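Going line by line, the protein sequences match chains W and R.
The first sequence begins at 5 in the working numbering and counts up one residue at a time.
The second sequence begins at 28 in the working numbering and counts up one residue at a time.
Just so you know, the hints here were simulated from the structure itself, not pulled from any lab data.
Owing to the predicted nature of the structure, the values given are computational and were not obtained by experimental measurement.
Errors might be hidden in some of the hints.
[As the list claims (entries may be wrong)] Output of the computed footprint for chain W on chain R, the stretches with three or more beta carbons under 8 Å from beta carbons of chain W:
| no. | segment |
| --- | --- |
| 1 | 104-111 |
| 2 | 129-141 |
| 3 | 420-434 |
| 4 | 469-481 |
| 5 | 488-500 |
We put the beta carbon where it would ideally sit given N, CA and C, even for glycine.
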Amino acid sequence: MRLPILASLVALLLLSPDLTAQRRGRFNRGGQGEGGGSPAAEQPAAPQATDGKPKKHTAITGGDVYLGTGQRITGATVLIGDDKILAVGHKIELPEGTTVIDAKGKTVCPGFVCVYGAGMGQGRGTPWIDSCNPFDPEIKQGLAAGVTSFLAGAPRGGNSPAGDAAVVKLAWGKVEDMVLQEGTVLGMNAQLPAGEREKFRDLVKQAKEHRRAQEDFLAKKSEDPTAKPPKAPAGTEKILDILSGKSKLWLQLGGGGFNPFGGGRTGAGSDLDAIRSAMQIAAELGTGVVLVKPLSAWLCADEIAATDSMVILSPRDRVPADPADPDRTGSNLASAALCNQAGIPLAVTCPVGMFGGAGVGTNGLLGMDLNTPTVDAAFAVRGGMTSSQALRTLTLDAAKILGVDHRIGSLEAGKDADILILDGDPMHYRTFVEVAIVNGRVVYELANEPLYSRIHR
Amino acid sequence: MTRPTYRSAVVLTFAIAALTISSLRAQTPSTERRDPIPKGSIPKDTGNSLDVWHPNRPATEAEHQVAKWGPRGLPSPGYVFFAEKVLPITAPPIENGVVVTRNGVIEAIGRAKDIAVPDGYEVVDCGDAWLVPGFIEPHCHIASASFDLNDTVHPTNPEFRTLDLITLEHDQMQMARAGGVSTALYIPGSGSNMGGFGTLTKTWGRSPDEALVRFPGSLKIAQAGNPERASGDLGAGMMGMSDGIRSTLLDGKRYHDAYLAFQQGKGEKPKFDPTLELLRGLYLHEFPLSVHTQIYQVVLQTLQELRLELGLWTVVVHGEFDAFRMRQEMREAGLPIAAGPRVYHFDTRYNEISGLMADWYWDGEDGWRDQVKGVGRDGIGVNTDSPVVPQEQLTLQAAMGVRLGLPHEVGLRALTINNARFLGIDHRVGSLDVGKDADLGVWSGDPLDPRSHVKLFVVNGTICYRRNPARPAW
């Protein structure tokens with residue numbers, strides 16, 4: 005009698021960690037906003053072969069290669085050594101023993117980088133790698149959608165830069181590859197209460213003074229070995245990360261919401277004030293910031309570009325102008341195109357509404373979540389971008405906005421081998437991912453996965 | 028005013044027995060692993076498979092006693108639209124085609140070299156654009172001034188109608204035009220079992236009267252998956268909800284029977300009852316029931332109670348989730364389906380994603396690939412349920428259906444002629460044919476591609492939208 009109970013208890017114990025792991029990605033995004041926990045942990049270096057030479061070579065040959073930078077090379081080869089891209093182009097000599105993936109007639113492009121995401125094995129919070137689930141079935145679904153990296157735990161607003169976000173890779177089955185970097189993104193409100201605004205300005209000043217003191221110290225150190233390094237003033241740690249370029253500051257503009265049930269007359273109708281506040285913060289910092297879904301960006305794209313700031317948009321988000329109120333200028337489908345014209349790096353994301361979701365999921369409405377990230381880029385094209393410009397919003401520009409463009413976002417020598425092989429134009433609504441490669445490993449193959457096995461192609 | 032009671036317990040018992048038997052039958056095929064979708068060619072369109080949907084439906088607009096039809100042939104300028112690609116939908120695409128319109132209707136359609144420009148007609152050169160019919164939205168709540176989706180006063184509300192709420196300059200109406208939608212069935216929400224009567228309206232007109240296509244467009248019924256939250260103690264469970272719907276419809280039938288007897292000289296004229304008056308139209312088969320019914324168990328109820336037991340013209344709108352499991356039974360009973368906005372289904376047993384519309388079309392020998400009167404390939408439609416999904420994204424719903432396996436051609440039919448046929452307005456709209464309403468969308472490319480946009484939009488022969496590239500509405 006006791007044995008079955010005992011056995012079931014053991015079974016439960018064995019099973020439960022896995023069960024919670026399955027769930028946590030969706031429901032426990034954990035530790036966002038203020039007080040974002042410990043400073044970012046030391047990042048593990050990307051795994052390298054011990055003798056400096058790659059052990060395993062893979063080549064994707066003959067494909068129509070979109071570099072992610074806006075350029076495209078037809079019939080090119082992408083050579084991968086272990087987990088990095090070694091070369092992209094024509095007439096590349098393949099080392100002996102190279103595994104060749106024939107991509108003739110196919111399209112090759114960088115894995116998509118999503119500035120918002122949820123689930124997909126992401127884990128619960130810093131240190132993210134401790135709770136990542138490399139066997140979350142949602143990883144396969146994300147890869148099928150072309151997503152190879154996304155930001156887990158996107159920051160919210162607050163009165164000071166804070167956040168506990170990580171760029172997570174969809175490295176199926178390999179937990180040590182799942183967290184690309186933590187702490188590259190911090191969040192804050194663009195418009196702060198007067199007292200908080202003063203405090204922030206002061207902290208930026210202190211941080212800049214500290215950086216000067218640090219420079220002086222480094223210069224002095226060689227002459228005077230007894231010189232003591234300056235101590236960072238309390239409260240400036242995150243600002244120093246922003247100034248050093250380690251973290252991007254995402255500014256929440258907090259306006260412009262639109263309730264379609266309200267007869268089209270709700271919502272702020274303009275967030276120009278908030279954008280101008282953000283520009284002021286960018287000017288004080290002397291570094292660009294990231295504007296999160298600026299509704300009125302189309303009215304001031306040149307101003308945003310002048311501060312080296314970047315923009316996250318959901319092109320199909322819509323707020324009508326109010327003909328009775330000239331201040332409520334509303335949204336513009338051409339916003340993404342106008343920002344692009346002004347030279348602003350731009351990432352797209354799906355609208356977060358009643359059914360729009362940040363993750364893949366299996367219960368949403370197709371075309372409104374991460375199952376189809378290219379649909380949002382396609383709406384940017386509808387507003388006037390070209391398809392090749394729009395691909396950047398899911399690759400290199402998105403990686404810039406996440407502060408990880410030195411690792412991912414384009415097919416260039418030295419970058420991580422996160423690559424998709426597609427059966428057509430990446431921006432076309434009928435295109436499917438045939439093969440997804442993360443860190444040089446094939447982690448998804450359309451033909452060998454059940455997910456889309458029923459779709460008549 | 029009669030309200031639902033439990034007096035029809037006998038009918039209910041019978042229905043439960045019928046339901047149990049049918050559900051067993053319906054479940055049998057669904058437990059087997061479904062075959063991969065076969066690759067095959069699309070059957071050719073054999074022409075209009077039907078003129079009217081319901082066999083006993085009045086043959087002409089003039090014979091309708093209860094339903095009112097909107098005006099036709101309103102003045103509009105003479106236009107000749109040239110386009111590189113013209114898709115009449117019910118006929119093969121025309122390269123370098125031309126469509127001639129005047130006074131609200133299409134006067135001619137064909138190849139540019141075959142049709143001369145009539146005197147006094149303005150030429151509109153659409154260049155390399157695609158010219159398609161205005162799309163039809165079979166399930167939306169778009170036109171009213173504020174939060175007017177639901178009035179859940181009673182469990183069933185046959186006294187309500189959307190006719191008086193049409194606001195043609197409503198934001199979602201404007202977006203409908205920018206998104207290529209020319210006709211909408213604007214219905215009450217699904218907060219109660221019977222939300223009221225919907226209105227078929229054009230999305231543009233000089234007045235709501237001019238824009239009217241037909242009132243009632245349908246009677247909105249919601250059998251489950253929303254009306255549970257309605258008022259009163261009746262309507263919290265399937266049994267109570269079914270009884271409420273049936274009781275109200277049977278009240279309408281008694282009223283209709285009494286009226287019929289009076290018309291045949293066999294009785295007195297029944298006392299005018301504004302609540303039941305419009306329900307008469309259901310039994311004259313002048314307009315359909317549009318039923319919000321989602322999972323297949325509830326679709327089965329729609330089939331049993333509304334289509335088979337009461338013999339009413341019924342259309343399943345918002346047919347999501349695994350409703351497609353009922354396709355064999357639905358085809359036999361003649362019950363068409365508008366899928367959307369949830370266009371995919373995740374089968375947890377096999378980790379498989381399938382497209383809902385593709386499932387209706389392709390699946391095994393029950394797939395709706397043939398033309399069957401009222402259903403079959405003519406019976407697959409698509410809807411947004413706007414503002415749940417914004418009205419301008421109707422084409423995206425069809426595009427996602429096509430992404431998941433529905434043939435592109437059928438995706439376009441789902442937006443046009445199919446929706447028109449099962450709502451009984453295909454003699455007016457849904458394709459580019461001589462004599463039909465001049466509702467045209469001029470698209471920059473494939474209308475299903477989210478990158479394409481409407482350059483110019485025509486409703487009832489009048490150009491009512493031109494896209495401003497500097498600030499495109501959509």
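Verification of the supplied hints:
1. 104-111: violated (count 0)
2. 129-141: Not satisfied, violated; 0 residues make the cut.
3. 420-434: n = 9 at 8 Å, threshold three: holds.
4. 469-481: holds (count 6)
5. 488-500: holds (count 5)
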